[in-house]
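Chains as they are written, first to last, in our numbering: chain F, 599 to 821; chain G, 385 to 485; chain P, 157 to 243.
Hints are computed from structural coordinates only; laboratory data are not their basis. Don't take each hint at face value.
Unchecked claim - Once the Cα atoms are required to be at most 25 Å apart in a straight line, the calculated SDA-like pairs of lysine to any residue come out as:
1) P:K232 to F:T627
2) P:K233 to P:R178
3) G:K470 to F:L684
4) G:K470 to F:D654
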Amino acid sequence: MYGILLAGAMAFMLLDAVRILPSEPSGLTGVVDSQMANSGVEHPVTAVLLNFRGYDTWLELGVLLLAVMGVLLFQPGTDLARVQPLARSDAVLRLATSLLLPLAVLVAGYLLWIGKYAAGGAFQAGVVLGAALILLWLSGNATLVILPPHGFRLILVLGFCAFMAVAVGLLIAGQGWLELPPSQAGSLILFIEACATLSIAWTMAALIIGLQPPVSGKQEGGP
Amino acid sequence: MTQELAYSMTGMLLFSIGLFGVFFVPHILRRLMAMNVMAVGVFLLLIAVAKRNADPNPDPVPHAMLLTGIVVAISATAFAVGLARKFHEVSGETDLDGEGP
Amino acid sequence: MTPMAWALDGAIMIVMIVLAVRLLLVRDLYRAVILFVVFGLFMALAWVRLEAPDIALAEAAVGAGITGVLLLDAAKKMSRGRGEEEP
Chain F
599 MYGILLAGAM AFMLLDAVRI LPSEPSGLTG VVDSQMANSG VEHPVTAVLL NFRGYDTWLE
659 LGVLLLAVMG VLLFQPGTDL ARVQPLARSD AVLRLATSLL LPLAVLVAGY LLWIGKYAAG
719 GAFQAGVVLG AALILLWLSG NATLVILPPH GFRLILVLGF CAFMAVAVGL LIAGQGWLEL
779 PPSQAGSLIL FIEACATLSI AWTMAALIIG LQPPVSGKQE GGP
Chain G
385 MTQELAYSMT GMLLFSIGLF GVFFVPHILR RLMAMNVMAV GVFLLLIAVA KRNADPNPDP
445 VPHAMLLTGI VVAISATAFA VGLARKFHEV SGETDLDGEG P
Chain P
157 MTPMAWALDG AIMIVMIVLA VRLLLVRDLY RAVILFVVFG LFMALAWVRL EAPDIALAEA
217 AVGAGITGVL LLDAAKKMSR GRGEEEP
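This is chain F alone, in the form it adopts within the complex (with noise of 0.2 Å):
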C-alpha cells in the first residue's frame, strides 16, 4: 500500500518535472548537420554513432565484452565447449530455421550496408544477425558451441579491437584522436561496423548460450 503512495509521489513529481521544461526547443542538430558533408556517411545517427561520437560507442563495444565476459564466468570454463547442444528439435522449427537463417543473413548484411545512407548500422544488424545464432542453436545446432575458443574469443573483441586499431592508426599518421579524416571516413566506418557487427552479433548469442549448464560429464573432470 505504501509503496503504491510512494510510487504515486514520484510519478507526480516526474510528470510535473516534464510538463515545466522550458518550452523552446533545443539540440544539436544543427550543429550535427553542419558537420554531415566531413562524416563520411549520409544518415545523421550513423555519423554521430561512428564518428562524432566514436568514442563513446568504441567505450559501450567494451562494456558489451564486460558483460559477455562475466556470463562466461559463471561456469567452469571460459569457452562454449562445455554447453550441451540442445537435442534435435521437431522438423517445423529445423525447417523454419533452414528458411530464415538465410533471410535474417541477409537482413543483417543490408542493415550494415544501408547504415550509411539511412536507418540502419552496426547494432542493428549485430542484433539481427545474433537472433539468428540463437535459432539455429534453439533449432538443435551445434553453432557456437563447436567453435575453437580461439576463434571464439577473437570474433568476440573482434569490433572493440578493430575500433582501437583505427584509433591507434590515426594517431600513429597524425590525426587527432578518433578524428577520422573526410576523405577516408566512409571506408573506414564501413570496417568498423563490418567487425562491431559480427562482435555484437556473438556477443548476443554468446550472452544466452554462455547461461546454459554445463556438459555434466566434462564438469567433474575442472579443476
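Fit chains G and P to the supplied structure of chain F, relying on the hints for placement.
Structure of chains G and P alone, referenced to chain F:
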C-alpha cells in the same frame, strides 16, 4: 498537449511503475523486468525530447545514444539474469528478502 | 496532428502502461515474461511514432527475439522451488 509531451509523460509513468516493481516485487526476474521498464521510461523521455526540435528532423544525438543504450541494456540484463540463476542454483531462493534457508 | 494519429498514440501509451502494471502483478511468471515481450514490441511501435526508425529496428530484434529467449529460459529454471532437481 503535444505528442512529445504525451510520450514523455508516459515515459515518466512507466519509470514510476518500474520503480515500484524494483522495490516491492519479490521475485528477482520480475525485478529485472521492472528495471527494464524503468529504463524504457527514460528512453521514451529522451526520444520525446529529441523530437521537440526546431528542425523538422529529430535530434540525432539522443538517437545514437539510445541505439547503443538498448544493446547495452540487454547485455546488462543477461548478466544480471546469469547472476540470478547462479544465486538460485546455490541458495534455492527466487527472491532477495534475506531470510535464508 | 489528426485525430487518427492521436488515437494511435493514445492506444500505444495506454497499452504500454497497462502491460507494465500487469507484468508486475500477474501471478504466473511465464505470463509476465510474455507480457514483457509484448511490451517490447509496443516499444518498437512507439519508436516509429516518435520518428526513430533506427531504434525501432534494434528494439524489435532485441525485444522480440533475444529478451524472450533469455527470460523464458530463466523463468523455466527459476520458477521451481527448492529440492526439485533439474532434468
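Hint check:
1. The hinted pair formed by K232 of chain P and T627 of chain F fails the criterion: a straight-line CA distance of about 46 Å is larger than 25 Å.
2. About 22 Å separates the Cα atoms of K233 of chain P and R178 of chain P, which keeps this hinted pair within 25 Å; it holds.
3. For the hint pairing K470 of chain G with L684 of chain F, the CA-to-CA distance comes to about 20 Å; that is within 25 Å, so the pair holds.
4. Between K470 of chain G and D654 of chain F the CA atoms are separated by roughly 31 Å; this puts the pair beyond 25 Å, and the hint is violated.
Checked against the numbered hints given earlier, the structure breaks hints 1 and 4 and satisfies all the rest.
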